[in-house]
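Once you have looked at the hints, place chain B on chain A.
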Amino acid sequence: MGEIWVLVDTSQGVIRNVTYEVLTAARKLKEKNGATIAAVYVGDEAGSIEGDLSKYGAEKIYKIENPTLKDFNASAHAHALAETIKKHNPDIILAGNTLQNQDFLPRVASRTSAGLSFDAIDIDINSSSTLQVKRYRYSGKSISTISYHDVKPMIATLRPNAFKPVENQTSAEVINESIDVPAENNMKVLETKIIPKERPELTEADKIVSGGRGMANGDNFKLIFDIADSIGAAAGASRAAVDSGFVPYEMQVGQTGKVVSPNLYVAVGISGSVQHYAGMGSSTIIVAINKDPDAPIFQKCDYGICGDLFEVIPALTEEFKNLS
Amino acid sequence: MKILVIIRQTPDTEAKIQANSTQNGIETSNIKWILNPFDEIAVEEAVQIKEKSASEVIILTVGSERSLEALRTALAMGGDSAIHITDDSFADMDSYALSKVIASKIKSIGDVDLILSGKKWIDEESGQVAIQIAEELGIPQATLATKIDLDEANKSVKVQSEIEGGQRIVELKLPALITCERGLNEPRYASLPGIMKAKKKPLEEVKMDSIDVGELGLTKESLGNAGSRLKVDSIEIPVIKRTLTILKGGKSDMVQADEVKKASEELARLLREEAKII
Chain A
1 MGEIWVLVDT SQGVIRNVTY EVLTAARKLK EKNGATIAAV YVGDEAGSIE
51 GDLSKYGAEK IYKIENPTLK DFNASAHAHA LAETIKKHNP DIILAGNTLQ
101 NQDFLPRVAS RTSAGLSFDA IDIDINSSST LQVKRYRYSG KSISTISYHD
151 VKPMIATLRP NAFKPVENQT SAEVINESID VPAENNMKVL ETKIIPKERP
201 ELTEADKIVS GGRGMANGDN FKLIFDIADS IGAAAGASRA AVDSGFVPYE
251 MQVGQTGKVV SPNLYVAVGI SGSVQHYAGM GSSTIIVAIN KDPDAPIFQK
301 CDYGICGDLF EVIPALTEEF KNLS
Chain B
1 MKILVIIRQT PDTEAKIQAN STQNGIETSN IKWILNPFDE IAVEEAVQIK
51 EKSASEVIIL TVGSERSLEA LRTALAMGGD SAIHITDDSF ADMDSYALSK
101 VIASKIKSIG DVDLILSGKK WIDEESGQVA IQIAEELGIP QATLATKIDL
151 DEANKSVKVQ SEIEGGQRIV ELKLPALITC ERGLNEPRYA SLPGIMKAKK
201 KPLEEVKMDS IDVGELGLTK ESLGNAGSRL KVDSIEIPVI KRTLTILKGG
251 KSDMVQADEV KKASEELARL LREEAKII
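Protein chains in written order, with the numbering used here: chain A, 1 to 324; chain B, 1 to 278.
Errors might be hidden in some of the hints.
Output of the computed footprint for chain B on chain A, the stretches with three or more beta carbons under 8 Å from beta carbons of chain B [said to hold, decoys possible]: (1) 112-124; (2) 140-147; (3) 192-201; (4) 281-292; (5) 298-305.
If you're looking for bench data, these hints aren't it; they were derived computationally from the structure. All C-beta atoms in this analysis are idealised placements derived from N, C-alpha and C, irrespective of residue type, glycine included.
Bound conformation, chain A alone (with noise of 0.2 Å):
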C-alpha cells in the first residue's frame, strides 16, 4: 500500500495542533489499507519538528524546504508540493482545513490532476480504498458523503476540532527533498502583520462565547469578552450584532461568517436565525442566554436561561470564575 501524507501547518516555528488532528485521522485510513503516513513539511525552515510528529504516528518526514518559500505564496507553495506528489506519487493527501491549505490546494489539485474536497468532518476509506469523506453543504444544513472516483491524489482538508489528537509514538525517517522554487516576481508580500490574539481563534476554539443583538452596543461586548476569558473561549458574534456595527466582521459566526463547531458555544442575546444556525450548528453543546422565552434558539439548545442578559452573564461570569 501507498502513502498518506499530512500536511504540517505550523504558526510561527510552532506546530499548529490541527496537525496533530490529522495525523490521528489519517491513522484510522491506516489501520484499513495498511498505507504508510508521512508528514510533510512545506515552507522555509522546518526546525526539529520530527519529535512532535512521529508522537502522533508520523512514519516519514519529508521536508520541503526552500529559503524562497518564507513568505507564503500560493503559485512557489503549489509548485513545491506539486512536484513532490509526482516524484513519490501518494495516494491520499490530507491537511488541517487552515486559510493557508485552503489558498494553495486547488492550485496543487490543479497541477497534479488531483480531487480536492475541503473542510470534512469525517473521512474513510471503502473497499477499493478510495476517499469518501463526510462534509457539510449548504453550510449547517446538509451533510453529504462524498466519494473520489478514479483519481489520484485524493486530496482532503479536515474541519479543525472534528479529530480529537491520540498520541501514538512511532520513531519517524526524515527526508530532506531539495525542489528548485522558480522566484514569482508576479506576486510581492508587502506587510504582513499579525495581530496578537488576546483570545483563541473562532475556527479552532473549544469553546465560544457570541453575542446578539440583543448586546444593543458595542461597548457591552465587554460583557461577552468577560465571561469567554472566564472559561478561556473565543468571542463571537452574530450577523446582526455585526451589520449594526457593535464588532467587526472578523468575529462573525453564521452561514456568510465563520464556520465554527467548538464543543461549547455560548449565544447570547441571539435568536437564532437559520443563517446563524449554519454556521454553528454542529457545536457539541449549545447554550442560550435570551429574554425572549420564544426566541427560535431555545428550540435547538442543551441550556438556556430565559432572562435579562444584562443580569444574567455578570452572574454567570461569576459562577464560571469560581469553577476555574
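Here is chain B on its own, set in the frame of chain A:
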C-alpha cells in the same frame, strides 16, 4: 481595464434545505435562489472600479437556465455584459473540469486585466474553483480581500487580505485574480432603472459544443457527473438532538433579578456535572 466577475447562483441564506427523493441532492423546487452573497461583493467592487476609471465589467457564470436570474442581478448592479455557460451535460462537473472550461472561455475573451469572485460559494462551502482558474490561467491570486487598490499605470494591484492570525498586504501584477471577503464594500441594491437596463445588455450563451474540450485535456465524457472526480453518494439533513433544558423564572418565563444568581449557579452546575464541559 477589462474586469471579469465570476458569479454563481446559490440558495438563499434563509432557505430550508431538504434532501431530494434520491437522497443524493437537494430538493430545489421550493428554494429561493440568489446571487451568492460573496459574489455580490465582487460585482460591487468591479462596478466601483468602473465608476472611478473607464472599465468594462463582464459577468460570467456556469449554470442552468435558472442562473440567468443571477446574471441579470449582476447586470442590474452595473455589469456591462454577461456570459452564460450553460449546458445540461455540465451539471455536477467537478472543480477541476469546471475551472478548465471557465479558464478557456476567459482566454478566448482576451485581455482581461482583473478577475474578481466571492471568497466562496455558500452552497458548496468552498472557494476552490476561482483559485483553480487562476492556476489554469497562470496568473497570481489574492484571496479574502478586504481592500483593493488598483494602480492602472503600473498594471498592478495592492490587496489587503485576512490571513491566519492577522492580515497582510500583497502586490500583484495584472492580470490577477482576487476573491472578495465581507468588509470590502457594501453591495448596492439593483435600482429599478438598473433592472430595466439589464434586460437590454448583451448576453452570450455558451454551449458545450462550442468548447474544444480536447484542447483542455478533457473528454466530453469527463464533463458532468459521469466523469466527476468526486461524487455525492448521499445527503442527510443533520438532526442533532438537543437537551432543551431551559431555566425559567418562578413567576414568569423570564428569570427575575432575584432569581438570577440561582439560575446562573444551576447552569454552571449543569455544564460542569451533566455536560462535563467546564
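**OP:** Quick one: which hint numbers does this structure break? Sort them smallest to largest.
**Re:** none
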